[in-house]
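Number of protein chains: 2
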Amino acid sequence: MTKPTKHILVCGSFRASGAPQGICARKGSGNLLGYLEGELADRGLDGISVTATGCLKACDRGPILVVYPDNVWYGGIEGEEQVDAVLDALEAGSIAEELTLG
Amino acid sequence: MTKPTKHILVCGSFRASGAPQGICARKGSGNLLGYLEGELADRGLDGISVTATGCLKACDRGPILVVYPDNVWYGGIEGEEQVDAVLDALEAGSIAEELTLG
Numbered sequence: 058m059t060k061p062t063k064h065i066l067v068c069g070s071f072r073a074s075g076a077p078q079g080i081c082a083r084k085g086s087g088n089l090l091g092y093l094e095g096e097l098a099d100r101g102l103d104g105i106s107v108t109a110t111g112c113l114k115a116c117d118r119g120p121i122l123v124v125y126p127d128n129v130w131y132g133g134i135e136g137e138e139q140v141d142a143v144l145d146a147l148e149a150g151s152i153a154e155e156l157t158l159g
Numbered sequence: 058m059t060k061p062t063k064h065i066l067v068c069g070s071f072r073a074s075g076a077p078q079g080i081c082a083r084k085g086s087g088n089l090l091g092y093l094e095g096e097l098a099d100r101g102l103d104g105i106s107v108t109a110t111g112c113l114k115a116c117d118r119g120p121i122l123v124v125y126p127d128n129v130w131y132g133g134i135e136g137e138e139q140v141d142a143v144l145d146a147l148e149a150g151s152i153a154e155e156l157t158l159g
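For the record, the sequence lines run as chains A and B. Read in my numbering, the first sequence has 149 at position 92, and its numbers run on one by one without any break. Read in my numbering, the second sequence has 59 at position 2, and its numbers run on one by one without any break.
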């Protein structure tokens, strides 16, 4: 296998049983997955993987998105505007500071 | 929030709907989550987060486990023996080479 150049995690609030619950899912993080993957394709950002995850335990700041291996955590990813900001930063090799956590 | 010092992803094969399917889940990756979290506590490895994920797209090498921000991908994590090998390496600040991918 080839490792992704970047790996974007999107909190899907899955519990152990797999049921999506919790804040990130309730705030619509699941709906952003399709947009995110479409944008990556449109922008030609090959080699970037997107994965939905179980609860990332930062619920009070959700919806959460993490970019690895950069180890950049973003919060308040509530819509396409915030996804665009994150991807703009990725393309520029920078960080969308206004959305970062920690 | 405080970022985890290490973040271990365990493929739970979740599809977009949240249903755990696919190879990693069928091979019992879900059963390893509890063991992994117990071992981290027993070893006093504080600050390490564990998160189940959707399909990590390395199904032919599953069950998959990823350690970030190290960006180390492991395959064939079929039981406690392999989890122990990964944690032994983490404690030693090294990598369980025999299980690595990519």
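Keep in mind that the hints were calculated from the coordinates and are not lab data. Please note that a few of the clues may not be correct.
Copies of the same chain look alike in the list, so a pair counts if it works inside one copy or between any two.
[Claimed, not checked] The calculated DSS-like cross-link candidates involving lysine-lysine, where the alpha carbons are at most 27 Å apart (straight line), are: (1) Lys114 - Lys84; (2) Lys84 - Lys60; (3) Lys114 - Lys60.
These figures come from a predicted structure and were not determined experimentally.
Using 27 Å as the alpha-carbon threshold, which applies to lysine 114 and lysine 84: within, between, both, or neither? both (15 Å within a copy, 26 Å between copies)
Between the shortest in-copy and the shortest cross-copy C-alpha distance, which are at most 27 Å for lysine 114 and lysine 60: within, between, both, or neither? For lysine 114 and lysine 60, the Cα distance is within 27 Å both inside one copy (25 Å) and across copies (10 Å).
At 27 Å max between alpha carbons, let me know whether lysine 84 reaches lysine 60 within a copy, between copies, both or neither. For lysine 84 and lysine 60, the Cα distance is within 27 Å only across copies (22 Å; inside one copy 30 Å).
In summary, the structure agrees with every hint in the numbered list given earlier.
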